[in-house]
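> Sequence:
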Amino acid sequence: MMLYLGKNLAGKSLMFGASDGRTYEGIQRWGVSVFDFTLPSSSSKSHFLGFSCIPTLTCKV
Numbered sequence: 460m461m462l463y464l465g466k467n468l469a470g471k472s473l474m475f476g477a478s479d480g481r482t483y484e485g486i487q488r489w490g491v492s493v494f495d496f497t498l499p500s501s502s503s504k505s506h507f508l509g510f511s512c513i514p515t516l517t518c519k520v
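Just so we're aligned, residue 460 is where the sequence shown starts under this note's numbering, counting upward by one.
Derived by calculation from the structure, the hints in this document are not laboratory data. A couple of the hints might just be wrong.
Just the calculated beta-carbon pair ranges, DEER-fashion [claimed, not checked]: (1) G480 <-> T515: 15 to 25 angstroms; (2) K519 <-> G490: 11 to 21 angstroms; (3) R488 <-> G465: 12 to 22 angstroms; (4) G470 <-> I513: 33 to 43 angstroms; (5) K504 <-> T482: 31 to 41 angstroms; (6) S500 <-> K471: 27 to 37 angstroms; (7) V491 <-> L516: 12 to 22 angstroms; (8) H506 <-> F475: 28 to 38 angstroms; (9) A477 <-> S503: 29 to 39 angstroms; (10) A469 <-> L498: 13 to 23 angstroms; (11) K471 <-> S505: 25 to 35 angstroms.
Just so you know, these numbers come straight off a predicted model, no measurement behind them. Positions of the beta carbon are idealized from the N, C-alpha and C atoms, including for glycine.
Please construct the entire structure, taking both the sequences and the accompanying hints into account.
Written out as structure tokens, the structure is:
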């Protein structure tokens, strides 16, 4: 499971979580870290379920 963090200053979407080889800015990383947010390909077994803001923290109320 990954958590969507939002966009960095360059406008790239980021996520946080544990992985066994996802990339961040073109560098492969393992373990708990920040990663580039990319949707799975249509042939992948992975599924994107959605994301939301964190109520009272990042939601504009």
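> State for each hint whether it applies.
Cross-check of the supplied hints:
{"no.": "1", "hint": "G480 <-> T515: 15 to 25 angstroms", "verdict": "violated (35 angstroms)"}
{"no.": "2", "hint": "K519 <-> G490: 11 to 21 angstroms", "verdict": "violated (33 angstroms)"}
{"no.": "3", "hint": "R488 <-> G465: 12 to 22 angstroms", "verdict": "holds (19 angstroms)"}
{"no.": "4", "hint": "G470 <-> I513: 33 to 43 angstroms", "verdict": "violated (21 angstroms)"}
{"no.": "5", "hint": "K504 <-> T482: 31 to 41 angstroms", "verdict": "violated (19 angstroms)"}
{"no.": "6", "hint": "S500 <-> K471: 27 to 37 angstroms", "verdict": "violated (19 angstroms)"}
{"no.": "7", "hint": "V491 <-> L516: 12 to 22 angstroms", "verdict": "holds (20 angstroms)"}
{"no.": "8", "hint": "H506 <-> F475: 28 to 38 angstroms", "verdict": "violated (19 angstroms)"}
{"no.": "9", "hint": "A477 <-> S503: 29 to 39 angstroms", "verdict": "violated (18 angstroms)"}
{"no.": "10", "hint": "A469 <-> L498: 13 to 23 angstroms", "verdict": "holds (19 angstroms)"}
{"no.": "11", "hint": "K471 <-> S505: 25 to 35 angstroms", "verdict": "violated (20 angstroms)"}
The earlier numbered hints that this structure contradicts are 1, 2, 4, 5, 6, 8, 9 and 11.
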